[in-house]
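S.K.: Just add 7 to the spot in the sequence shown (first one is 1) and you have this note's numbering.
Treat the hints with care, since some could be wrong.
Result set (SDA-like, lysine to any residue): computed pairs, CA atoms no more than 20 Å apart in a straight line [stated by the list, open to error]:
(1) LYS112 x HIS130
(2) LYS152 x SER22
(3) LYS152 x GLU141
(4) LYS103 x LYS152
(5) LYS152 x GLU29
(6) LYS103 x ILE42
(7) LYS103 x PHE150
(8) LYS50 x ASP39
(9) LYS103 x LEU147
(10) LYS103 x ASN129
(11) LYS112 x THR57
Label-pair restraints from in silico Cβ distances [claimed, not checked]:
(12) ASP125 x ALA153: 20 to 30 Å
(13) ARG131 x ASP39: 18 to 28 Å
(14) GLN27 x LEU128: 26 to 36 Å
(15) TRP75 x ALA153: 33 to 43 Å
FYI, nobody ran anything at the bench for these hints, they're computed from the structure.
Think of the CB as a built atom: it goes at the ideal place given N, C-alpha and C, for glycine as much as any other residue.
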Amino acid sequence: MTNDHFMERAIELASIAAEQDEVPIGAVVVHDDIIVGEGFNTKEHGLNPTAHAEMIAIQQAAERLGRWRLHGCTLYVTLEPCPMCAGAIVNARMDKVVFGARDAKSGACESLYTIPNDARLNHRCEIVGGVEEEACVALLQSFFKAKR
8 MTNDHFMERA IELASIAAEQ DEVPIGAVVV HDDIIVGEGF NTKEHGLNPT
58 AHAEMIAIQQ AAERLGRWRL HGCTLYVTLE PCPMCAGAIV NARMDKVVFG
108 ARDAKSGACE SLYTIPNDAR LNHRCEIVGG VEEEACVALL QSFFKAKR
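Use the sequences and the hints to build the structure in full.
M.R.: Next up, the structure:
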């Protein structure tokens with residue numbers, strides 16, 4: 008499977024978030040070319056500031072795999088992870104993160120910080136940005152344009 012294939016599923020999940028009036032961000036965790044976790048933002052409906060798409064997908068993957076160490080897993084997410092999510096990625100020992108849109112205001116993988124590659128931490132992972140970037144950006148822009 009390709010990065011685009013799994014990012015397309017993340018985009019589908021982001022669209023579901025938008026339909027529920029949540030910021031349209033979707034995420035999937037893949038192990039051996041199988042989706043083992045997926046999620047989309049549910050902060051508003053769950054009244055939970057930690058209910059980011061990545062956090063939900065990571066938690067679901069850990070439950071399905073029966074382990075908290077997610078070696079061998081890749082996270083696909085429509086927006087560059089924030090500091091909280093980047094910390095969870097490091098703590099989960101994920102191998103790779105693939106994201107769509109860059110986040111100049113809170114991106115913690117490339118834009119503002121590089122948490123998953125910080126040599127001071129006990130784990131590092133590969134980062135690939137800009138996959139299906141136009142589609143991810145368009146989804147976010149249309150959501151926020153409708154809000155204004």
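S.K.: Now tell me, hint by hint, if it's right for this structure.
M.R.: Now for the hints, and whether the structure bears them out:
A C-alpha spacing of about 24 Å is found between LYS112 and HIS130, which places the hinted pair above 20 Å, so the restraint is violated. A C-alpha spacing of about 15 Å is found between LYS152 and SER22, which places the hinted pair at or below 20 Å, so the restraint holds. Restraint check: the Cα-Cα separation between LYS152 and GLU141 comes to about 16 Å, which is no more than 20 Å; the hinted pair holds. With a C-alpha separation of about 32 Å, the suggested pair LYS103 and LYS152 falls outside the 20 Å cut-off, and the hint is violated.
Note on LYS152 and GLU29: the hinted pairing holds, with a Cα-Cα distance of about 14 Å set against a maximum of 20 Å. Annotation: proposed proximity of LYS103 to ILE42 holds, straight-line Cα distance about 14 Å (limit 20 Å). Of the supplied pair hints, the one linking LYS103 and PHE150 is violated, its CA atoms being roughly 28 Å apart against a limit of 20 Å. Proposed proximity of LYS50 and ASP39 is contradicted: the alpha carbons are some 30 Å apart, above 20 Å.
With a CA separation close to 23 Å, the supplied pair LYS103 and LEU147 exceeds the 20 Å bound. Distance hint between LYS103 and ASN129 is fulfilled; the C-alpha atoms sit about 15 Å from each other, no more than 20 Å. The suggested pairing of LYS112 with THR57 holds, with an alpha-carbon distance near 18 Å, which does not exceed 20 Å. Judged by the Cβ atoms, the range 20 to 30 Å given for ASP125 and ALA153 is violated: they are separated by roughly 37 Å.
For ARG131 and ASP39, the Cβ-Cβ distance of about 22 Å falls inside the hinted range of 18 to 28 Å, so the restraint holds. Taking the beta carbon of each, GLN27 and LEU128 are about 34 Å apart, inside 26 to 36 Å as hinted. The given range of 33 to 43 Å is respected by TRP75 and ALA153, whose C-beta atoms sit roughly 38 Å from each other.
Consistency with the previously given hints fails for numbers 1, 4, 7, 8, 9, 12, ordered from lowest to highest.
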